[in-house]
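Chemist: For reference, the chains in residue letters:
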Amino acid sequence: MSIDWYIVLSSLLFAIGAMGILLRRSPIVILLCLELMLNAGNLALVAFSRMVGNQQGQVFALVVMVVAACEVVVGLGLIVAIFRRKLPLDVDELRELRG
Amino acid sequence: MEAVLFFVAAIGALGGAIGVIAMRNPFYGVLALIVHLFSLAVLFLLLTAAFVAAAQVVVYAGAVMVLYVFVVAYVGGGAESAWEPIPGQRFLAPLLGTALFVELAIAVLASSLLALGHDGPHVNPGFGDPAAIGYLLLEKFLIPFEASSMLLMLAAVGAIVLAARRDPAEGVGRGSSEHSSEAPAERSEDSLAAPAHAGGAPS
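Residue numbers (numbering that gives the first Met the number 0), protein chains in the order written: chain A, 0 to 98; chain B, 0 to 202.
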């Protein structure tokens, strides 16, 4: 398969993830959509690394995975804290910072 | 053969992604994301990135998704309400997502990268296997590697601090569940500040 198929697939997945973030209101689903977008970025990184014939893009993809794992851990900790305080799990109702 | 595998994996990845944003129950969303991640691992294998594919299955589908399943089981996977606070969100969001895809597609099609049209250069059999990636990580990218291990530890400690139940010695309530029946009047005014009040009350 030529590389542009992978790039088009990756941009499609990224757009689906962005659409999910705009559409959904549950913070868990928003975190899942963030995962979709990060994985689309990973796919593009690995595809470009194959295109150039250089493995450094794969190391970059691994670092992105580490950052995604950190983001998931902190995000899920926040969700558990929100749930413990009996606040609604809905990003449109948690808007005290908006002033 | 390679084309067939690519299209099967691409359909799996797209179906998983659409499932994530379409399922009303977050639990099914997590399951759809697992399908998506396995399909992406197949795509990584097709791109001769064996170690990244293995890490994808072990780290994502193995560890991170288990964390998601536990949290969804803990907070309860209730479906979100049909009420939409932003008028027209249901129409604007797909519109903006499509616009983003069109923009990215124009960028790819108009790109002057000559190598986009073909399969990429011929690579040696060891391309992307654990030995090569490990060599790169420990020789060339040692400082980013150590920094990412530091970041992981900080994230773990931060998550424990965020999600841990406060103990009463800190002057903060023991958690909202014990006190919620005793002081409902205080709590209803400002639910974020309420645990600080409840800690001072005799319990």
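The set of hints was computed from the structure by calculation and includes no laboratory data. Please note: incorrect hints may appear among the correct ones.
[Claimed, not checked] Distance windows between CB atoms, simulated: (1) B/A53 with A/Q55: 16 to 26 Å; (2) B/M0 with A/D89: 45 to 55 Å; (3) B/V3 with A/R94: 43 to 53 Å; (4) B/P120 with A/L96: 24 to 34 Å; (5) A/K85 with B/G157: 17 to 27 Å; (6) A/R97 with B/M152: 12 to 22 Å; (7) B/M0 with A/R94: 47 to 57 Å; (8) B/V156 with A/L93: 23 to 33 Å; (9) B/P129 with A/R94: 38 to 48 Å; (10) A/W4 with B/F69: 30 to 40 Å.
Values in this document were obtained by computation on a predicted structure and should not be read as measured data. Think of the CB as a built atom: it goes at the ideal place given N, C-alpha and C, for glycine as much as any other residue.
Chemist: Now tell me if each hint is right for this structure.
Modeler: Each hint, compared with the structure:
One distance hint, 16 to 26 Å for the beta-carbon pair B/A53 and A/Q55, holds here, with the actual separation near 18 Å. With their beta carbons about 47 Å apart, B/M0 and A/D89 fall inside the hinted range of 45 to 55 Å. Judged by the Cβ atoms, the range 43 to 53 Å given for B/V3 and A/R94 holds: they are separated by roughly 48 Å. In this structure the hint that B/P120 and A/L96 lie 24 to 34 Å apart at CB is violated, the actual value being about 50 Å.
With their beta carbons about 22 Å apart, A/K85 and B/G157 fall inside the hinted range of 17 to 27 Å. Distance hint check for A/R97 and B/M152: the Cβ-Cβ separation is about 33 Å, which falls outside the suggested range of 12 to 22 Å. Range check, B/M0 to A/R94: Cβ separation about 52 Å, and the 47 to 57 Å hint holds. With their beta carbons about 24 Å apart, B/V156 and A/L93 fall inside the hinted range of 23 to 33 Å.
For B/P129 and A/R94, the hinted distance range of 38 to 48 Å is satisfied, since their beta carbons lie about 46 Å from each other. Taking 30 to 40 Å as the suggested C-beta distance range, the pair A/W4 and B/F69 conforms, at roughly 36 Å.
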